[in-house]
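Student: Please arrange chain B on chain A, whose structure you already have, making use of the hints.
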Amino acid sequence: MKYDTLVIGAGIAGLQAALDLAEQGRQVVLVEKNPSIGGRMISLSKVYPTLDCASCITTPRMASVAHHPNITTLTYTEVKQVIAQPDGTYHAHISKKPRFIEEDKCIGCKRCEEVCPVYIRDDFEHNLGAKKAISIPFTNAIPQFPVLTPDQCTWCGACANACPVDCIDYLQEPRDIFVEVGAVLVATGFELTPFNAKPQYGGGVLPNVITSLQGERLLAPHGPFGRVLRPSDGKVPDSIAFVQCAGSRDASLGVPYCSRVCCMYAIKQAMLLSGSLPTADITIYYMDIRAFGKGYEAFYQNAKAMGINFVKAKVGRIRAGEDGNVFLRIERQEESSQPEEMNHDLVILSLGMKPQWNPKTLAWDMETDLDGFVKSPDAPMDPATTTCAGVYACGTATGPKDIVDTIIEAGNAAMVVGNHLARGNA
Amino acid sequence: MSLSAETKEKLKRARELRGVSPELLARQKENIRIQKAILEGALEPISVPDLAQNTGISSEIVFWHVNALRKYDKMVDVKKSGDYWLYKKK
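Read top to bottom, the protein sequences are chains A and B.
For the first sequence, numbering that gives the first Met the number 0 gives the first residue as 0, with consecutive numbering after it.
For the second sequence, numbering that gives the first Met the number 0 gives the first residue as 0, with consecutive numbering after it.
The following block holds chain B by itself, in its conformation from the complex:
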């Protein structure tokens, strides 16, 4: 569905009025990079510590994003292995 002329105009004005902070843009860019790395690293079932080691991203951040991606149907939990669950790109 394409934007109506009224919505386009409102969006343009919202951008002018509120803007987007450089911090938000930087965080968004970083989140996209992390999620891309996680999805590329999870083609086969993998645990959060292994994903963290392979991507060089802290396990706490990896775990948060893994659950974000699970919630929005981009990853699944596969099985438990030892003390950890294994996750995979959907």
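Only chain A is shown next, with the shape it has when bound in the complex:
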């Protein structure tokens, strides 16, 4: 199959770039490794500084991509190899992972999920919630196809027995797809810095110490608990703390850079928590507040006016207290610097961003910076260009950035790719 552009990653950057290219009349093949398009953004509660519903913004774009005649969307699919051709085009080997259902038959009725007896941790809810061994990834997933998790399946046959269209295929194998494209756009996004990178913070050990993306799910309308509750026992938290720079600006973790979004998402989550739990005491322990974007400083000042406590302090250690509570040992950086212990019901670690995918796995000439993000040799004048001719990048694949900057970069990348194709480079 021939396309103008291969877009790798269907988060907000890949979706926006694919749509912009398709609107230019370009044929796009959009490859997403997860079972649904939407990326990180579809799992967020709201976006800053407008507090618009993230799902309400993302879902229409997902639907536009899925229905666009110039976009072929391949989900649950990974790029295995991309080989440059002498004429400037690329040949890509893509592998479609087995869902263990026949997609052309499935009607998305969820009967298989309802009858499956095996409950497992839900990765979309960052393990806070449950799903079945065969399940549709989340409510507004696109496409609405279930995925069977083979290493969790007991092969009881209940799903096939319940399926009204006989679409379960227990022996499905990965399927190879080969495409020829004129350009490649990398929009592979980010992942959080490791939860347990600082063992002294208790990440992954103390149930009431959670990640910022778990915090997003707690605040989401269809979140795992239906409301904001702490994971250890379902208590309505009365005192919530955010620990800033819990995974960034720390050379010992290999993440010396600022992740650029943690201050603002913590402030956003604090404001949303304040709305959900009006009597709760909410504290943000920070080194510096970096509110650099349009309207961000006003957003920060609003949070202070709402009664969010901002404490300039370093958190040295987090330990379990009684009844699931969590103690933070802090050293203030203003006034007294005597170590203190602060007691909270729930702690959210503001983890930073690291690249989701290492492009070097494809054995092409694309270089990364020392921090592992895709190198843009001509940034800031030409941020989409990489060290590989005909291969471009945008969004958090090239470095930490927020949604606003990601969408702007994606639009720019689509234009640059369009120019590349129009010049007849491919």
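Heads up, some of the hints might be wrong.
To be verified - In silico DSBU-like cross-links for lysine-lysine, where the CA-CA straight-line distance does not exceed 35 Å:
(1) A/96 - B/28
(2) A/96 - B/73
(3) A/95 - B/7
(4) B/7 - A/96
(5) B/11 - A/96
(6) A/32 - B/73
(7) A/104 - B/7
(8) B/28 - A/104
What the hints assert, rightly or not - Stretch-level coverage of chain B by chain A, calculated; a stretch enters the list once three of its residues show a Cβ under 8 Å from a Cβ in chain A:
(9) 24-36
(10) 75-86
If you're looking for bench data, these hints aren't it; they were derived computationally from the structure.
Ideal Cβ positions, reconstructed from N, Cα and C, are used throughout, including at glycine.
Tutor: For chain B alone, kept in the frame of chain A given last:
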């Protein structure tokens, strides 16, 4: 709906090819036991700590299963009582 002959054959081959680990079977058995205990203990509205105390299962595990059962329509949240919500078998 009963399984077609083709699906039956595929299921049989999948069982032969992939098998089921003893750990998975043990976890599945334990999950069924926990959910049965939770549902039997939640005939009237009850909080997670009380359910945990009555069943002898840790409150963290009880809470995870309560939300799993809520998601799949086997339990409902009834009302808030103090710092906790009360849940009931549907």
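Student: Hinted pair, alpha-carbon criterion (35 Å max): residue 96 of chain A, residue 73 of chain B. Please report holds or violated.
Tutor: 32 Å, holds
Student: Given the hinted pair residue 28 of chain B and residue 104 of chain A, is their Cα-Cα distance within 35 Å?
Tutor: 33 Å, holds
Student: Straight-line Cα separation of residue 96 of chain A and residue 28 of chain B no greater than 35 Å?
Tutor: Holds, because 29 Å separates the two Cα atoms, which is no more than 35 Å.
Student: CA of residue 7 of chain B to CA of residue 96 of chain A, is that 35 Å or under?
Tutor: Given that 35 Å is the threshold and the Cα spacing comes to 23 Å, the pair holds.
Student: Between the region 75-86 of chain B and chain A, are there enough contacts, at least three residues with CB-CB distance under 8 Å, for the coverage claim to hold?
Tutor: Answer holds; 5 residues pass the 8 Å Cβ test.
Student: Hey, residue 104 of chain A versus residue 7 of chain B, does the alpha-carbon distance stay inside 35 Å?
Tutor: 18 Å, holds
Student: Just to make sure I understand the rule, a stretch counts as covered if three or more of its residues have a C-beta closer than 8 Å to a C-beta of the chain. Does the region 24-36 of chain B meet that for chain A?
Tutor: holds (count 5)
Student: Would you mind confirming whether the straight-line C-alpha gap from residue 95 of chain A to residue 7 of chain B stays at or under 35 Å?
Tutor: Roughly 25 Å between the alpha carbons, so the hint for residue 95 of chain A and residue 7 of chain B holds.
Student: Under the criterion that the straight-line Cα-Cα distance not exceed 35 Å, is the pair residue 11 of chain B, residue 96 of chain A satisfied?
Tutor: 21 Å, holds
Student: Could you grab the alpha-carbon distance between residue 32 of chain A and residue 73 of chain B and see if it respects the 35 Å cut-off?
Tutor: 32 Å, holds
Every hint, counting from the list given before, is met by this structure.
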